[in-house]
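Make a model of the complete structure from these sequences and hints.
Residue-level listing of the chains:
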Amino acid sequence: MRKLLIGIAALALLTTGCKDRMDIESMSLSLLIGIDLDNENKLIFSASSPVFSKEAKIKEENYSTPAVTLRASRDNFDKTFMALIAGGKTQAILIGKSVMQHKGWFKLLEPFLRVPENSLNTRIVIVDGPAYEVLQYQPEDKPRLPLYIAEIIDTSLKRNLCVKTTLQDLRRATYERGITASVTQLHKDDRVIVTGTALLDEEGEFKLSIGSEENRLLRILQHETEGEFPFTFQALNQPKGEVFPENAYSFTAENISVKTKTGHTRNKFKFDIGVKMRVVLSERLFPFDVRKNARKLEHDIEQQLENRFKKFIAKIQKAEIDPIGLGLYARAYKYRNWKPVQDHWGEALSKADVNVKVKVTIAAMGAIK
Amino acid sequence: MNEITLMQYIFLIQGAQVGTGILSLPRTLAEVSGTDGWISLVVAWFLNFLAGYVILLTIRRYQDFTLPDLFNYLFGKWFGKLLLLPLIVYYACYGWMVLINAMLYIKAWFLPKTSEYMIVLLFAIPSYLIVRHGIRVQARYSELVFYMMMWMPLIFLVTLKYGHWIHLLPLFKEGFEPILNALPKTVFAYAGNEILFFIYPFLNKKQYAVHGLFIANTMTMLIYVYITIVCFVFFTPDEITLLNQPALSLLKTIEFRFLERVDMLFLALYLIVVTKTWSAYIYCTVFSTSQMLKKQDHSKHTLVYFIAAIACTYVLNPTWNQSERWTTMLSNASMIVLYVLPVLLLIYTFIFEKYRRWKAA
Chain A
1 MRKLLIGIAA LALLTTGCKD RMDIESMSLS LLIGIDLDNE NKLIFSASSP VFSKEAKIKE
61 ENYSTPAVTL RASRDNFDKT FMALIAGGKT QAILIGKSVM QHKGWFKLLE PFLRVPENSL
121 NTRIVIVDGP AYEVLQYQPE DKPRLPLYIA EIIDTSLKRN LCVKTTLQDL RRATYERGIT
181 ASVTQLHKDD RVIVTGTALL DEEGEFKLSI GSEENRLLRI LQHETEGEFP FTFQALNQPK
241 GEVFPENAYS FTAENISVKT KTGHTRNKFK FDIGVKMRVV LSERLFPFDV RKNARKLEHD
301 IEQQLENRFK KFIAKIQKAE IDPIGLGLYA RAYKYRNWKP VQDHWGEALS KADVNVKVKV
361 TIAAMGAIK
Chain B
1 MNEITLMQYI FLIQGAQVGT GILSLPRTLA EVSGTDGWIS LVVAWFLNFL AGYVILLTIR
61 RYQDFTLPDL FNYLFGKWFG KLLLLPLIVY YACYGWMVLI NAMLYIKAWF LPKTSEYMIV
121 LLFAIPSYLI VRHGIRVQAR YSELVFYMMM WMPLIFLVTL KYGHWIHLLP LFKEGFEPIL
181 NALPKTVFAY AGNEILFFIY PFLNKKQYAV HGLFIANTMT MLIYVYITIV CFVFFTPDEI
241 TLLNQPALSL LKTIEFRFLE RVDMLFLALY LIVVTKTWSA YIYCTVFSTS QMLKKQDHSK
301 HTLVYFIAAI ACTYVLNPTW NQSERWTTML SNASMIVLYV LPVLLLIYTF IFEKYRRWKA
361 A
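Sequence lines, in order, name chains A and B.
All residue numbers for the first sequence refer to this note's numbering, where the first residue is 1 and numbers rise by one.
All residue numbers for the second sequence refer to this note's numbering, where the first residue is 1 and numbers rise by one.
Simulated from the structure, these hints should not be mistaken for lab results.
Think of the CB as a built atom: it goes at the ideal place given N, C-alpha and C, for glycine as much as any other residue.
You may find that some hints are simply not true.
Here are the simulated distance ranges between beta carbons [said to hold, decoys possible]: (1) A:Glu347 with B:Leu265: 20 to 30 Å; (2) A:His264 with B:Leu265: 18 to 28 Å; (3) B:Trp320 with A:Gln138: 21 to 31 Å; (4) B:Trp320 with A:Asp78: 23 to 33 Å; (5) A:Ala367 with B:Glu260: 36 to 46 Å; (6) B:Phe176 with A:Glu226: 44 to 54 Å; (7) B:Leu265 with A:Asn355: 24 to 34 Å; (8) A:Ser257 with B:Phe176: 31 to 41 Å; (9) A:Gly263 with B:Leu160: 25 to 35 Å; (10) A:Glu226 with B:Leu265: 23 to 33 Å; (11) A:Gln138 with B:Asn317: 15 to 25 Å.
To be clear about the criterion: a stretch of chain B counts as covered by chain A if any three or more of its residues have a C-beta under 8 Å from a C-beta of chain A, and this derived list gives those stretches [unchecked claim]: (12) 231-237; (13) 322-329.
Here are the simulated BS3-like pairs of lysine-lysine, each with C-alpha atoms no more than 30 Å apart in a straight line [claimed, not checked]: (14) A:Lys89 with A:Lys103; (15) A:Lys3 with B:Lys173; (16) A:Lys107 with B:Lys107; (17) A:Lys89 with B:Lys113; (18) B:Lys173 with A:Lys268; (19) A:Lys89 with B:Lys107; (20) A:Lys107 with B:Lys359; (21) A:Lys3 with B:Lys294; (22) A:Lys107 with B:Lys161; (23) A:Lys357 with B:Lys113; (24) B:Lys161 with A:Lys3; (25) A:Lys158 with B:Lys300; (26) B:Lys161 with A:Lys276; (27) B:Lys173 with A:Lys351; (28) B:Lys173 with A:Lys261; (29) A:Lys3 with B:Lys295; (30) B:Lys161 with A:Lys334.
Written out as structure tokens, the structure is:
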């Protein structure tokens with residue numbers, strides 16, 4: 001009897017939670033959030049959330065409002081949205097380029113890190129132009145916008161057209177001195193396009209945009225070799241062709257393995273990055289005997305890749321940023337030399353020697369000669 | 001009748017050690033010794049085992065004496081009680097502190113609107129049902145929970161895919177000094193060997209007491225090192241010091257298609273593991289008080305303890321900052337109970353026995 005009473009009392013206590021339950025109809029999930037700066041450098045926050053109502057014609061509500069901070073903007077959304085904003089389901093935070101052109105914008109995302117109900121896997125996206133324009137976009141041939149945006153980033157990542165930066169990745173890159181952040185870049189004119197990746201400096205300020213080809217190089221240098229790595233090159237020692245690119249060929253790189261060696265001589269860092277890959281030809285517009293002259297083609301690929309790596313590295317060195325994360329290697333293997341430069345690593349990296357050596361093996365040529 | 005097996009003895013010790021400390025341990029270590037923090041854990045494990053061994057050396061002579069009996073025998077009726085009192089306060093505070101820490105985690109991470117005392121009340125009901133019985137029930141509970149929760153550390157493996165082992169290098173980056181400086185930070189997490197005073201007399205195969213202690217402490221160490229390394233590998237060295245509970249933040253990044261808040265589920269289940277910790281300390285408290293007042297049954301004292309714990313929570317409404325301050329204070333007390341007291345006791349009993357024999361002769 002006593003045990004039964006205790007049991008009932010315990011169960012009754014649990015019901016106290018029922019009083020503040022949440023129905024999905026009375027929740028407004030801001031699946032997309034936009035942050036912009038207007039002409040007077042005032043912050044504009046936008047949110048888009050799905051409407052769970054049969055009567056509503058448009059299934060999305062969105063609103064833009066000026067506010068002091070992200071958390072403060074919630075009040076303004078609650079004033080107009082059908083239900084109260086609940087966090088935790090945000091798919092992407094779209095940030096206008098105008099915001100990212102200022103140092104320290106990362107602080108704006110604080111509530112996402114501080115409040116445990118918010119997800120750390122929210123995608124961070126830079127928009128080439130105002131972010132609220134993307135939020136207001138209602139394509140007829142696509143599913144709900146938040147799903148579409150989330151999906152387009154995830155699928156682009158599979159082909160390595162862009163990086164996928166979650167809030168956790170961004171925090172990692174921002175607070176770590178040995179890496180600088182890189183985020184997915186979107187563009188919107190009459191439709192939404194993933195244009196590649198934006199590279200930021202240590203303070204989060206926007207520095208460079210890179211396209212899909214350079215993005216693949218970046219991913220390789222980051223040792224992130226998952227997904228597909230297709231490339232299309234124009235052979236160096238083949239006739240160009242008049243109308244059609246007769247010297248073009250395409251391949252997909254597989255089994256990419258990357259080794260980064262760290263050294264320090266004469267007051268500067270030296271990184272030797274060895275990239276080994278097996279390639280499968282997927283297209284070749286010029287006649288060539290792969291059976292006999294495979295080495296020649298391999299050499300062409302190696303040379304072209306090395307040139308591209310060199311150009312890319314020169315670019316980031318000039319911008320004094322380190323999206324690759326070479327700083328982590330510097331700390332791990334040359335701690336003594338890293339310590340004096342850790343607070344201005346971008347500058348130290350810009351003086352460093354970074355060499356990339358590529359070793360290619362043609363694994364397959366496909367179904368035809 | 002009230003005997004416990006070697007396995008139960010191991011799980012009791014291990015259960016008393018692994019509690020809430022683990023969630024914030026990677027940060028507190030990284031704050032002092034960077035990513036070398038895990039080495040501190042290994043050093044601390046050695047020291048703990050040594051201290052536990054010293055406890056066993058002392059109580060081995062008095063095989064059937066629990067701490068109240070021992071003090072009674074060594075220091076006399078009144079002086080023994082007087083000396084026992086601060087220790088009872090220590091055990092009581094420690095049990096309450098674990099309750100409070102667990103309550104704060106639960107409140108912050110998934111019951112933000114439930115009041116503090118209510119959460120402690122919910123903790124208290126099942127714990128009361130366990131603690132009011134003898135050591136044997138608790139030992140069985142510890143064993144069962146251990147087997148049931150063995151899968152929990154495996155969840156962390158999911159994150160290793162995104163980890164960078166390079167964060168751990170270089171080892172001994174600033175030499176040995178920061179590693180030693182981080183040792184005090186491990187005390188709260190490692191405390192637990194002091195329950196030996198209460199469970200050793202009930203162990204059925206006393207010849208394996210040292211082996212059991214070694215196994216229990218090693219298991220604790222392995223769990224701590226594992227969680228700490230997983231956190232260090234996932235978060236960068238600069239980032240980890242910003243997170244209050246790195247282990248939970250780590251779980252938050254795991255998302256399955258069917259389950260988004262892994263951290264919440266983990267914490268809710270981890271509570272069952274934490275119950276072992278506070279139950280062990282509360283058992284020691286109420287066992288001592290009932291022995292002191294010459295009561296055979298300690299279930300009334302258990303009830304009083306829990307009511308007092310809930311009342312204290314209701315009155316004090318502990319905040320995070322308070323809880324952290326008290327935890328630090330308690331860690332200092334633990335250092336005395338864990339490392340100083342055993343040595344003093346050993347020396348005292350040595351002299352005491354010599355004196356007794358000399359007198360008898």
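Legend entry - Violated hints - listed by number, lowest first: 1, 2, 3, 6, 7, 11, 13, 15, 20, 23, 24, 25
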